[in-house]
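Chemist: Chains as they are written, first to last, in this note's numbering: chain A, 18 to 270; chain B, 18 to 270.
It cannot be assumed that every hint is accurate.
One copy or two, either will do: identical chains are not told apart, so a pair holds if it fits within one copy or between any two.
[What the hints assert, rightly or not] Straight-line distance between alpha carbons at most 25 Å, and here's what the computed PhoX-like set of lysine-lysine pairs gives:
#	residue 1	residue 2
1	Lys254	Lys268
2	Lys254	Lys270
3	Lys268	Lys178
4	Lys254	Lys194
Read the hints as simulated data drawn from the structure, not as lab findings.
Number of protein chains: 2
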Amino acid sequence: MRHSVLILSPSVLLLLLDVLPSSHAFLPSSLSGSALFAPSRLSSSCSTAGARKSWSSSRNLALRMESPVEEAKAWTAAGMSVEEFFERSVGSWRSLRSSHNIAFAQLEEVNSDIDITQVAADDSEFLDICKTYNFEPEKACSSIRMSWEGSSDWDENEVIKGSTVLVLYKDEERKGKLLRSVGYTETIPAVGEWTMQEDGTFVLHTFYDRAAAEERIWFATPDLRMRCSIIKTQHGKGVLTASLSTEVRDKSK
Amino acid sequence: MRHSVLILSPSVLLLLLDVLPSSHAFLPSSLSGSALFAPSRLSSSCSTAGARKSWSSSRNLALRMESPVEEAKAWTAAGMSVEEFFERSVGSWRSLRSSHNIAFAQLEEVNSDIDITQVAADDSEFLDICKTYNFEPEKACSSIRMSWEGSSDWDENEVIKGSTVLVLYKDEERKGKLLRSVGYTETIPAVGEWTMQEDGTFVLHTFYDRAAAEERIWFATPDLRMRCSIIKTQHGKGVLTASLSTEVRDKSK
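Here chain A stands alone, though its shape is the one from the complex:
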């Protein structure tokens, strides 16, 4: 069976949809009652200074703002706030990542399960990270814990496993810092610079000792998170790896 996008007509591609139940995770269940599918924009729930206590209140707000009229429209991530981006990221995800080794034009496939949870204000790892970077915990805008477990087709016997805590700070409404306990390319803590684009893409630049990461993460639908990453040399002159992850929400968990 072959599904090359370039040469098959959409009629054939759309047959794929017919064999799937409508509740399949990659389709937005726009008529469900869950706030996670509400297309309404959340108002900003934390100021630049940050009000940590408001993290969990905006989900209830979204539920109240839902309406059948809004649900009928095609969903778009445009205008998404960074708070909504973090809230929507909470959950369980089945991730498929394809990494391009640029020098050798080789492809690596990584399948993994990702769990993202909100972190409590008294979490010791959260407090440790803030202390490490000399940031005030009470000014943090949001914090999540991301855990993953997966395997690569380059070595199927080895389990890729890890966990990191991310802490979000705002400098302005749509830009700020992201602290993380363990970086993607090194096993040391790292501070990244993020911006939230108008189209709803969360862009993150992180500089490590000898490399730099540039990540673009956005929601294609409420249940499909896209992540396009580039690992560059420290001064951005060369690209080592580029990868695409498609993360489908796992509603069975």
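Knowing the structure of chain A, use the given hints to seat chain B on it.
Modeler: Chain B alone, transformed into the frame defined by chain A:
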């Protein structure tokens, strides 16, 4: 041999660089004399109304604007105009594409050679496309021909081959229409809506009969073009395929 980005340190990743000659295509040859590597921004060479005769003049402009001081800085696509984006796209590219079939979490690998050339103002295919959509040829901002030939790991015996002419029109400085003779997902002509983001990403939305394509294309370095595409159902409710292409300039041609 294994190069999982998530778990290897940059020290190991950077070893890849040591085995490559500095002239390798994926590294920007920032000290070469070619205008294609000039980090200087080109001034807009065509107005909203479009002045087709100015297509080729801005490359010479870039050459004149080059300076050793500018070359020493890390290269960035930020602020790139749509004219510069099209000019930099001209050339030969070795493309590696990984397509994610979202429903089945399956990966397809496509390797191809892509050639992009500028199209002359009297090209018959160019004139035909303008006529088809009732656009005035003399108001076109730029036009290129893109040809590709490649193979997929899903069927290595079949050659994926095609060619399309793209015609760029501006509605505003950073948005407009893109006409193409043959679309990516159907073999009929299509009109897309493009915007040029501040970070230098060319974003293209194209609506077909039963599907919609959303593409983001940008330069990670002057010799590495990134293309992240999503094929959605017509009303944007579900995603069929997401793909990442890394396109490395082939300087041997």
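Chemist: Under a CA distance limit of 25 Å, which applies to Lys268 and Lys178: within one copy, between copies, both, or neither?
Modeler: within (21 Å within a copy, 40 Å between copies)
Chemist: Within a copy, between copies, both or neither: which one fits Lys254 and Lys194 at a CA-CA cutoff of 25 Å?
Modeler: within (23 Å within a copy, 32 Å between copies)
Chemist: When Cα atoms must be at most 25 Å apart, do Lys254 and Lys270 count as within-copy, between-copy, both, or neither?
Modeler: For Lys254 and Lys270, the Cα distance is within 25 Å only across copies (23 Å; inside one copy 42 Å).
Chemist: When no copy is specified for Lys254 and Lys268, does a C-alpha distance of 25 Å or less occur within a copy, between copies, both, or neither?
Modeler: between (41 Å within a copy, 18 Å between copies)
This entry satisfies every hint, going by the numbered hints stated previously.
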